[in-house]
Structure formats: structure tokens, C-alpha cells
Amino acid sequence: MSGKLTPGRLMLMAYVYLVLIFVLAPIVVILPMAFSEPDYLTFPPEGFTFKWFGAFFGNARWMDASVFSLKIAVLTSVVTVVVGTMATYALMRGAGRLGTLFQGLLIAPIVVPHIALAVALYLFFRQTGLSGTVSGYVMAHAIIAMPFVVFTVAAALSSVDATLEDAAMSCGASRFDAFRLVTLPLILPNVLSGALFAFILSFDEPVISFFLAGIRDKTLPRMMFDNIEQNLTPVIPAIAVLLTGVSILVLVCAAVLRRMAQSRSIPAEEG
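Residues 1 to 271 (our numbering) are what the sequence shown spells out, left to right.
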């Protein structure tokens, strides 16, 4: 009975597919433009060429923005994973009364509109001198990436029996050693998965980067916005193709890590 196609189920499936088509349609339109020969955007594309990818890799300004974005994304993933893992471990293993409040603060960036968060960070960083700096970028991107690390690490910690750490500590290990030698190896795939999500969120983040960008150091998304306003060419779709490929690669790696985590997890009831 569960596999029977009822009218309600058919309508639900149709609605889901329509939503997917609506979401994917812009990608289907923009990606072929990266291979069009004219120096302006046209659809359907005319001809076939890779010259716009060459124009991207051969432009020093684009390369500087890409390297700067890469540096920010790597630092953000490291900071977010370290802080997020520590915070999640403290929330799930601790018994503090303020645990619910801190948990809400950690995941709040998901529900707060990015434009409001960007304005608040801009006003705060302008007063503290962090606007346009690497530290400011990393702090801002870590805030928006933190919930994804918290969710992935929490999912792994919930499947690890806490008595394993108690057993290690009863044998003379400290709390830190018990976490490092027992718990961390078990949740490592999820930690790495969270790092990948933090990396791609930072690398592709346009709104906050737009407010925090300085005169010289600009991220790749900010450079794309500037060129859309001043000189819109098929280089922009070419960059979109590259970013889409990077995002797909990151998602595949995250899926592999999640599968590894599922195969290595130790359910609490088996402890």
C-alpha cells in the first residue's frame, strides 16, 4: 500500500519536480553561455569556445581575487571546525543550564537574513577596524558557517556512546585525551564534512563579502558583482561553471565522508 500512487501522492511528486525545475532552470540557462563565442551574453549560445575560461585564468585581477577567496575559505573552515567542534562537544556532553541558549546562538545565523547580518557586521567591524581585513572576513564567514559544522558534528556525537570516554578516563586518561583518542577518531568524517561545508560557504559567500570588501582585497564573488555592473561578459558564466563544479565536488566528498561516518559509527545502544 505504501507504494501505491494515489492522486495526492502524484500531486506531491509533481509539485516537487516543478520546484526542482524552477530552481535548476537558471543554471541550465547560464552555464551554456560560458561557451558562447560572442563577447556578450546570448541564449541560446552562438558557437563553442573555451576562450572565456582562458580569459579568467589569464587575468591577474581574477586570479588575485580567487587566491584571496581561497585563503579566506581555508582559514574559515579551520576556525569554524575547531570552534564548532569544541562548542558542540561542550553542549552535548555538558550539563549547563545555558546549553539551550548557546545552542540557539550557534544556529541563529541560519534564520537571520544575511543582508541584516552583513549590515550589522559592517557597522561593528568599521568601529573595530576589522572591515576589509582577513581577520574580519574569517570571523564573518565563520559565523554563517558555524551552524553547518554544529549540525554535522552533533549528528556524529549523538551516535557515540559517552561511556567510551568514561572508560578511557577510568583508565587514567584526561578528558582531553579521552576525546582526542576515543571520540575524535569516531566523529572525524563528520568533522571533515563540516569543514568542507564551511569552505564552500565561505568561498561562494557574496552578501557579507560585498559589505566587508576593501579597496584592494576583494573576494571572487565581490569581483563578479563589480564586473556585472561595469563589464558583463561571458567570463561571469565561465566562473559560474567553475564554482558549480567546485560545489559539486565538495558535495560528493561530503557524501563520501558521511558514508564513512555511518560505517564507523558506534550506536549508543550497542555500548
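Read the hints as simulated data drawn from the structure, not as lab findings. Treat each hint with caution, since some may be false.
[Unchecked claim] Straight-line Cα separation of at most 20 Å, EDC-like style, residue types lysine to aspartate or glutamate; simulated pairs: (1) LYS71 - ASP204; (2) LYS51 - ASP39; (3) LYS51 - GLU37; (4) LYS71 - ASP217.
field: Holds or violated: LYS51 to GLU37, with C-alpha atoms at most 20 Å apart
entry: Measuring from Cα to Cα gives roughly 8 Å; hence the hint holds.
message: Can you confirm whether the C-alpha distance between LYS71 and ASP204 stays at or below 20 Å?
response: holds (13 Å)
message: Given the hinted pair LYS51 and ASP39, is their Cα-Cα distance within 20 Å?
response: Satisfied, since the Cα-Cα distance of roughly 10 Å is no more than 20 Å.
- prompt: Under the criterion that the straight-line Cα-Cα distance not exceed 20 Å, is the pair LYS71, ASP217 satisfied?
  reply: Roughly 12 Å between the alpha carbons, so the hint for LYS71 and ASP217 holds.
In terms of the numbered hints stated before, the structure departs from none.
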